[in-house]
Amino acid sequence: MNKIVKYILVTILMGTALSSCSLTLLPEDEQTSQKYWNTKEEVEAVLGSGYYYLRSSVEQTFMWGEARGNGISFLSSGDTYTAAGLKLRQMDILPSNTLTDWGGMYKVINMANSVIKYAPSVVEKDASFNESVMKSYLSEAYFQRALAYFYLVRTFKKVPYVTEPYVTDKNPYKIPQSDGDSILNACLNDLKGSLESAKEYFPETDVSNSINSKGRATRWAITSLMADINLWLGNYNNAINECDSVINSGRIGLISGSSWFTNFFPGNSNESIFELQYNYDLGQTNSFMTWFYNGASTYYEPSSYSISLYSDEDIRGENATYYNGLFWKYAGRDQAGTTRLSTEYDQNFIVYRLAEIYLIKAEAEIMADQPDNAANDINTIRNRAGLSSISSSSSKSTMLNVLLTERQREFCGEAKNWFDLLRIAHRDNFTTYKSMIIEQIVLWSGSANNEALIRSKLNNGNAWYLPINATELERNTLLKQNEAYENL
Amino acid sequence: MRKKIIILVLQAMICSIAVAQTVLTGTVKDKTTLEPLIGANIFVMNENNRSLQGAAVDINGEYHIAIPNNQNKLTIVFSFVGYKTLKVKYTGQPTINALMEDESNSIQGVEVVAKHLDKDQFGISRREMVSATQKVNLDVATAPVTSLADALQGAMANVDILTQADPGTKSQIRIRGINTLNGSADPLFVVDGVPLPVTVPSDVNLATANTDDYSQILNISPNDIESIEVLKDAAATAIWGSKGANGVLLIKTKTGHKGKIQFSFSTKYEIRKEGNSIPVLNSSQYVSLLQDELWNSINDLGYNTSPANTYIDLLSNNQQINFDPTYKYFNEFNVDTDWQKEVTKTAHSSDNNFSLSGGGEKADYLLSLGYLNETGTAIGTKYNRFNLMYNMDYRFSNKLDVSARFNFTSGSRDASYTDGQLDTSPRGQAFIKMPNMSPYYIDSNGKRTNQYFTPYIENDLQGTYASTSNYNPVALVHEATNNTKSTNGRMIFVLHYKFLKNFDYYGTVGLNITANRMKKYLPNSVTGVEWTSKYFNLSTDATSDVFYLTTENRFLYNKQFNANNKLIIAGRFTTEDEINSSYTSTTSGNSSGSITDPTSGNTINSLSNGRSETRNMSGNMQFHYDFFNRYMFDAGYNVEANSSMAAKGRWGGFPTVGVAWIFGDEKALSKQKIMSNGKIRLSWGETGNAPSGAYPYIGVFKPQTTNYGDMKAVYPSSIELDNLKWEITSKTNIGLDMGFMKDRLLLSLDLYKNRTRNLLQKNVSIPSSTGYSSVAWYNSGKMENTGWELSGSYDAFRNKNWTVSLNFNISQNKNKVIDIPSNLYSGDGSDTSDGNTSASYTFGNGNYACKVVPGDPLGSFYGYKCLGVYQNVQETYAKDNGGNLIHDVDGSPVVMQNGTQKVYPGDAKYKDQNGDGVIDKYDIVYLGNSNPTVTGGFGFVVRYKQVSLIANFFGRGGQKVINSARMNLENMYGANNQSRATLTRWRREGDNTMIPRALYGRGYNYLGSDRFVEDASFLKLKTLTVKWALPMKLINRWGLNRMDFYCTAYNLYTWTKYKGQDPEISLSTTSGIFQLAKDGATTPKPLQIAFGLNLGF
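Heads up: the sequence lines are chains C and E, in that order. First residue of the first sequence? That's 1 in the numbering used here, and the numbers climb one at a time after it. First residue of the second sequence? That's 489 in the numbering used here, and the numbers climb one at a time after it.
A couple of the hints might just be wrong.
What the hints assert, rightly or not - Here are the simulated DSS-like cross-link-like pairs (lysine-lysine), alpha carbons at most 27 angstroms apart as the crow flies:
id : chain 1 : residue 1 : chain 2 : residue 2
1  : E       : Lys1270   : E       : Lys1250
2  : C       : Lys135    : C       : Lys40
3  : C       : Lys174    : E       : Lys1353
4  : C       : Lys174    : E       : Lys575
5  : E       : Lys1250   : E       : Lys1339
6  : E       : Lys746    : C       : Lys174
7  : E       : Lys829    : E       : Lys1339
8  : C       : Lys174    : E       : Lys1270
9  : E       : Lys870    : E       : Lys761
10 : E       : Lys1054   : E       : Lys746
11 : C       : Lys170    : E       : Lys1250
12 : C       : Lys87     : E       : Lys1339
13 : E       : Lys1190   : C       : Lys170
14 : E       : Lys1054   : E       : Lys989
15 : E       : Lys1353   : E       : Lys1545
16 : C       : Lys35     : E       : Lys607
17 : E       : Lys986    : E       : Lys575
18 : E       : Lys1230   : E       : Lys1304
19 : E       : Lys1200   : C       : Lys117
20 : E       : Lys1190   : C       : Lys125
21 : E       : Lys829    : C       : Lys117
22 : E       : Lys519    : C       : Lys125
23 : C       : Lys117    : C       : Lys135
24 : C       : Lys170    : E       : Lys986
25 : E       : Lys1304   : E       : Lys1433
26 : E       : Lys1302   : E       : Lys1250
27 : C       : Lys35     : E       : Lys1302
28 : E       : Lys1190   : C       : Lys35
29 : E       : Lys1230   : E       : Lys1409
30 : E       : Lys1270   : C       : Lys170
31 : E       : Lys1054   : E       : Lys607
32 : C       : Lys174    : E       : Lys1136
These are computed hints drawn from the structure, not numbers from a lab.
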């Protein structure tokens, strides 16, 4: 009898022990974060998501770079970004505008932060993942993060500086804004540190697939970004050095003369430094044809001011940048008027190509009182486009105007226009060049009514930046609204 | 016989390990008749009452039993069914002849059972308890019900139960209000000491598997229940841990008892009939309303303008409402159909139960069988339940006993077809379906054929199935199916071992297995869609299984030091493991209703499956100290861990303390005669609530929809929530129990305050600078429930012929949100595709703003004040808050605007709170909330000789309800049929009415306003029973010991001012955290008349 009691007791206790062995239960049909970060491939896949989010933010970054300024015009109502961009163009900017939603960029930042935080620990777990490969991943992550912050700072001025990933809820959700310059300086530091380990190209993968040299951040992409940021921050000598290093890299060269159009079709040209990649065969298509080449329903067209900039001898003008008043650089196969086949609706979005490095250098040289060098660099770009050389001038304003016009011709519709205007205008805290740039902006303003509005609004330096999104302000009580929009 | 077989089997088991030595013989006879008792049992017991050896009397009336060696103090026990057990000390005598006494001659045994103290699992008697509990002994025979919730409704204070009329549907039970926003607010059910899994796992797709399936887990037949006890305060629920945070209902099933075998049989037959429905317009009234609607819209727009053309076209060219004999469906569109009548019927139900029970010295048993067949008044709704229960207790010795509970239930429920697409019930559709249309094709003689008339009509006035869920409700109730079969097996084993006189061990293992299978089919005769549509012959096949295993190890030390000091220490360790799995497939284009399998070549619309597992464990210590039998002190601490939280926040500690003083026993008071009992209780404690779902804290990585070039792209789709914590409710309770006139009048009063902190917030928006827009769970905010409850019973009069007794309970609960992150929650009360209430308010007809606002209770809704109807142009001129006319720049008066539209005479007039001439969201004010202020019930029993009259009332007061059903029937906005109230709509100046003019597809005449908010207070005569128990003398002659006939009427009368069909309205399941009560035209409670018979023999 006592035995029976014991057996029963043992059975009950066994049952207890078995059912309570662990309280950490994981779902069987999902990849949990607790089981992630074990292999090199997992690290690379998160890095891939960083590029993915940069790519999925293309329409937003396009609108940030083009909605204001004088480069494009809006013809139809288009989609929500078009409608929001039109409000920006009309200087009717409210904190509820869709374009004030910065979530897309912070998605990029979160991916980069995740890689930066977790990749080093994976080296110990995966034998195929060595220190140098890991560091090259880190350099790409720093590039993604810096590029995202660069967009944010130029658009909002003060934004929360997040450097810890939100894979767990360890970090506070609410982060106050930091000053834009200090964020960019921190980013520059990161980039400088990672430059050493960055890849010049990606030899271990399929070289014929240009994503590996143009679609991911190489050392030259990182250097270009550093030059761009330095130019923004006013570190002109650094910018000049960095541009030189890219120009002399031996991996990238200017495409001359009539081949200029191969920058856009097929893309990933010799001149290209970093492009966000689409690939029809891999199911990565875009809506550029709808945005840029859709007859009367086209969302975005080159402004008449932009078109007026091209002379007949300019190889970048008709049949290259535009055709029939629409953006041909995103729609054509060649300069003979053949449109892309439907299997070619995978136009890349170019972030940096060598022509810009020359022009960044030129602008830095203008500001660093080297007008002759600047004229040289501008002429490199002019000459390859079939235009005659210009001579230098000691007036910075004159030179800047020449440079600006050259940039407008070269990069029409490449999301550079507003950032160029803003960069020059914001120098010396919106004093020296502000009115000059306002004159530039009103060169194409849509209507006289609009012109007056632009002049009066942009008089306030803060109005050059977008307001903080209303929902975001509600969710993050530590944020402060841009002073120019406080009363809205 | 059964008992004997079991005992013999058990004996055989025991015998196998014993060694026989000496043999004892003898005879066993009836004391009076001296006839041998063949089959009587003989046991050899040791001092611990442990049976060492057993035998039975043979056909000669003799027995032989071996006496084990080396044993002292043995007792020989003789037992036989229907006879008093006889014990004889064994002192080595070779022969013992026993004479046994018939038990029917003695009633002593029964009295011993009755005196048995009612104790909880820690051995604390009711008298000694410090906590707020209330117990109901179920006597189903007196008020027959088909479900547990029915039995409890109105019977317990602050146990607010709302039932639904369709057979087999889930009831909403809330004990002392709602303490959580996103956690489960359902109470815990504990059956025979083992918790039942009643929550719906979050992984289950609610769009396809509805929550009613899970309520079937609860389908214990009320006939099998002996008592139900409700535990309300923290001191009482503490030991049940977090699952008991919303209160606990302890259910005890019936067990056998010592004595002669008893059989009982009960049968019930019931008729149900719905009350009068909301009257709707007939054909001609409908057509003229539609013409009125269209004319008004055309006039507003101007006859010669192009926007009016659509309406002109509808008015003049639509064959559905025009008398056009050339129309091919002329016959079908010129009838007068009472759609409501076509989808309802008078229903019949039956319920049969049989049980047998008995027991002896060693074992008690009870076997019960039941079959319920319930039909609803909505055609196509039905519920069948078969249940079998076998409870057994076996005492091996004074030290060891075991009990086993087996229960098997098989239920089949037919419900009206619903899925994510259909947003109205067939009843709702029947209300709005055009009355001039026929449900069936009409033949040339003007007679109905048996073919459903569900044509595909281009530009159908009422739209298509895909666009506006327009379908044939008559075809739906007859042809569409929605059947859920659920089988449930429950097994509980309890082992009790007495180590020492004061030290006991209880080990419990509970197993609960449920399997549900749902099949739904929506044939094309209902929808009339084209064969290419994804709704064409739509079928859904779903299965779900729940496996639930619990264990409990409990040690109990109970020491009475002397007459004045008593200590109880209890330690308890429990585990729970719940595994859910489900599978759902939806297919369309099926060739016939019999083919629903997704592999049979049709189109698969969706497939999903899920599997999840949760574990919970808790350790618990309780102390109870009792001085002088008057002062009680309780303290406990519960440590609990749940697998739904990360390691950091997984463990929670929850203390409880309580004191009680039985002041009625103080010498100073014990001399007086009036008060017979007086006790004050005070308790405080904390309970925790874990987030629902299996893996809510786990972060997940997912692949992006496309990669980036050659690079694989994977991202963390959700954040791992390491900071997730328990939602904690601290509960304070003060109670007073009083008894007067030798406890003939009992009163019990409780005051309580429950304060919840770290409220679990679901899908909380977070700054997008994190890279996410929301997190699944977040702890923040505070909420409070305060209230009181009073219950009592009065045994007013009792003599040989008369009994009069009363019972009542009344309670009040007040909910208040104290603190919540600003703007966290606001919505418009409209339903979104994910089954939750929309997160933002949109200005529009029918939308109510709802918010969770600090200071206001949960379930508050906000909207416009409706002032009636604009009578003339003068009235439509806007006035500012000073009452002055507002003029425009030209100096002409500005006309009021409802939203973007100018008002005309006849339009609804809302209060312009800010006086800006426009009715918009800034004119929204608080309109009320869905919480009742008072709930309660009362009942009485009057018996005269053999006839009893039993009545139970149930009521709720003060809750506001959005009468959506009325809104849908009075909006006059489209081609839907409307209620007859719209006949009094505004037509010309001077019409004194609250109902605005009809306006087709335009205007804002039914904005969410107080016009559709109604007070749904009610008092219901829930049951009224007349029972006739036949006299013992008579039935004894027939070999019976009980025979009752009864007739019960349910829902006989409701006192209410509510304009809808039934004021008993549950909170809307889709309103999420807003907890709104919306009347969506669900089946009203029918009048039920039942006839029944109870037999005992």
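| request: Mind checking the alpha carbons of E:Lys986 and E:Lys575 for me, to see if they're no more than 27 angstroms apart? | output: 23 angstroms, holds
| task | Measure nothing beyond the straight line between the CA atoms of C:Lys117 and C:Lys135; if it is 27 angstroms or shorter, mark the hint as holding. | result | 12 angstroms, holds
| Regarding the pair E:Lys1054 and E:Lys989, is the alpha-carbon distance no greater than 27 angstroms? | 14 angstroms, holds
| query | Given the proposed pairing of C:Lys174 with E:Lys575, does the C-alpha separation stay at or below 27 angstroms? | reply | Violated, at roughly 79 angstroms.
| request: Would you mind confirming whether the straight-line C-alpha gap from E:Lys870 to E:Lys761 stays at or under 27 angstroms? | output: 15 angstroms, holds
| said: What's the verdict on E:Lys1054 and E:Lys607, does the C-alpha distance respect the 27 angstroms limit or exceed it? | reply: The hint holds at about 15 angstroms.
| said: Would the hint linking E:Lys829 and C:Lys117 be met if the CA-CA limit is 27 angstroms? | reply: 68 angstroms, violated
| said: Can you confirm whether the C-alpha distance between E:Lys1250 and E:Lys1339 stays at or below 27 angstroms? | reply: 15 angstroms, holds
| said: Hinted pair, alpha-carbon criterion (27 angstroms max): E:Lys1190, C:Lys125. Please report holds or violated. | reply: Between E:Lys1190 and C:Lys125 the Cα gap is close to 21 angstroms, so the pair holds against 27 angstroms.
| Is C:Lys87 close enough to E:Lys1339, meaning Cα to Cα at most 27 angstroms? | 31 angstroms, violated
| said: Just to be careful, I want the Cα atoms of E:Lys1270 and C:Lys170 compared with a cutoff of 27 angstroms; is the pair within it? | reply: Given pair E:Lys1270, C:Lys170 holds - Cα atoms ~23 angstroms apart, limit 27 angstroms.
| message | Against the 27 angstroms threshold, does the CA-CA distance of E:Lys1230 and E:Lys1409 hold or violate the hint? | response | Roughly 62 angstroms separates the two Cα atoms, so the pair is violated.
Violated hints, in rising order: 3, 4, 6, 7, 10, 12, 16, 18, 21, 22, 24, 25, 27, 29; the structure is consistent with all others.
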